[in-house]
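Engineer: One-letter residues, chain by chain:
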Amino acid sequence: MQRVQPTQWKVQSVSLMVTFLETLGQKAIDGLASMGRMLNLLIAGLLWAFVPPFRLRRILRQIHFMGWRSLLVVVLTGVFTGMVLGLQGYYTLNKFGATAMLGPAVAISLIREIGPVLCALVVTGRAGSAMAAEIGIMRITDQIDALAVMALNPVKYLVTPNIVAGLVTLPLLTAIVDVVGIYGGYVVGVLLLGVGQGVYFGEMQNLVGMHDIEIGFYKSLSFGLIMSWICCYKGYHTRYGAEGVSKATTEAVVMSSVWILICDYFWTSVL
Amino acid sequence: MIQVKDVYRSFGTQQVLKGVNLQVQQGEIMAIVGRSGSGKTVLLKLLIGLIRPQRGEILIEGEDICQLYGRRLDKMRERFGMLFQGGALFDSMTVFDNVAFPLREKTKLSSAEIAAQAEKMLESVGLADMGYKFPAELSGGMKKRAALARALITAPSIILFDEPTTGLDPILVRAIHQLIVDTHRTFGYTAVLVSHEIPEVFEIATRVAMIHEGRIIEEGTPQDILQSTDPLIRQFIEGKLEGPIRPI
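As given, the protein sequences belong to chains X and L, one line each in that order.
Residue 33 is where the first sequence starts when you use our numbering, and the numbers rise one by one after that.
Residue 7 is where the second sequence starts when you use our numbering, and the numbers rise one by one after that.
If you are wondering where the hints come from, they were derived from the structure by calculation, not from laboratory data.
Keep in mind the model is a prediction, meaning the values are calculated, not measured.
Just so you know, not all the hints are guaranteed correct.
Unchecked claim - Computed cross-link-like contacts, BS3-like style, restricted to lysine-lysine with a CA-CA straight-line distance of at most 27 Å: (1) K112/L <-> K126/L; (2) K81/L <-> K126/L; (3) K188/X <-> K114/L; (4) K139/L <-> K112/L; (5) K24/L <-> K11/L; (6) K51/L <-> K24/L; (7) K81/L <-> K188/X; (8) K24/L <-> K246/L; (9) K51/L <-> K188/X; (10) K112/L <-> K188/X; (11) K126/L <-> K114/L; (12) K112/L <-> K81/L.
Unchecked claim - A few chain L residues that don't get close to chain X, going by computed Cβ distances all over 10 Å: (13) E69; (14) M136; (15) R213; (16) T227.
Idealized CB from N, CA, C, for every residue including glycine.
Okay, chain X solo, but in the shape it has when bound (with noise of 0.2 Å):
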């Protein structure tokens, strides 16, 4: 076996180090670009929802899309939360003699945290990648060119119904969740496990106020506004055909999921 001499050595690792920096380089650009794209997408999407003509039907399409087609999921997602809460609550609260603080742990857990996110997460699942695979598909048939040549602005024509579907959608579906999953802590505290409906709901109207509620809903209008954009966005930008149609939308679930997560962190810590 031939020996590698010490300064052939030196040129193969100076080589190495250089393509190492090179690809690290290259990433870095992508990702710029790529944010770059994304922000651009964003502003393009929400000023056009200010210049006519303001396609209400294609906004109402997406609205009925996103919302009223999601309800049955979320009303199930809202109840069997609540119910889980409930039962955990008691539990926990029964050790310090505390039941009847289970009505306010249930609502507030639920308007303030748990609400909005499930919410998002299963709107996300659902909608949002049907949202991507639409897009991503109409991208690789050409029909998205299709609509600039027919001199129809793509963006205004479909990133923004989507955007102004998603604002209005998830502050009403995540309402939804709240108030099902409170039923559900009833359903649970008051009629399975007899904490007194007087004392469910009594301290949850002492204890929960405007401000918890005011938390939620801009926690819902972000999410809605994260979802829609990132969906949209991966969609617009699909490649190569259907496996690409399948890796954006798989990548729209995933990334808005975890900036939907990060987001609740953000809100917590500021409101």
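Fit chain L to the given chain X structure using the hints.
Structural biologist: Just chain L, lined up with the frame of chain X:
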């Protein structure tokens, strides 16, 4: 008139167009032929401003489309129609809605007027009873015809055809070509047609340009191209493996 002047375009490290020069006169059918990957589709997308060149200019009736943005670009695009390789029909809409779509979005015509025009256009491409179907339910030839109807509905002055007959049987190829000739005669548009159908495309084109390795290497009437002694062109139109063009 369309004038392409010294246009360069690359993607990453791949230089696709290397100084393309081309003139298309008003009302003619200009066929652009060349091997796969020679830059034909890129050239069409440049003509309509879907992508922009790195160098050079593309004049449409004297106005450089590469310098237009926003509403001015939209205004320019209203003069165009484009038939995409796969049709690019909106798959969530019926054929009728696809054809009516440009009128609904870009005009203030009443629903009745739009319906009448869309039905008339579907009839002219031989799809009179197919309006209720979705694109996924159509054959390849029907999709191309529906896409042609959509491209024609706004009566554009320029239509770009990106391989309108790819993947069709020889009879359908002739039928689509005949449809292009008929609609060209009726509507009088300028056509730029990218095609691999040699020699069929020579029957409908008024002029032909051959693109090779990012440059237009020959331009003339179909007769000029067919009689060319250039070994590159001879090899391409005769589909021979031997010659200056490497097959793979």
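Engineer: Checking against the hints above, which ones are violated?
Structural biologist: none
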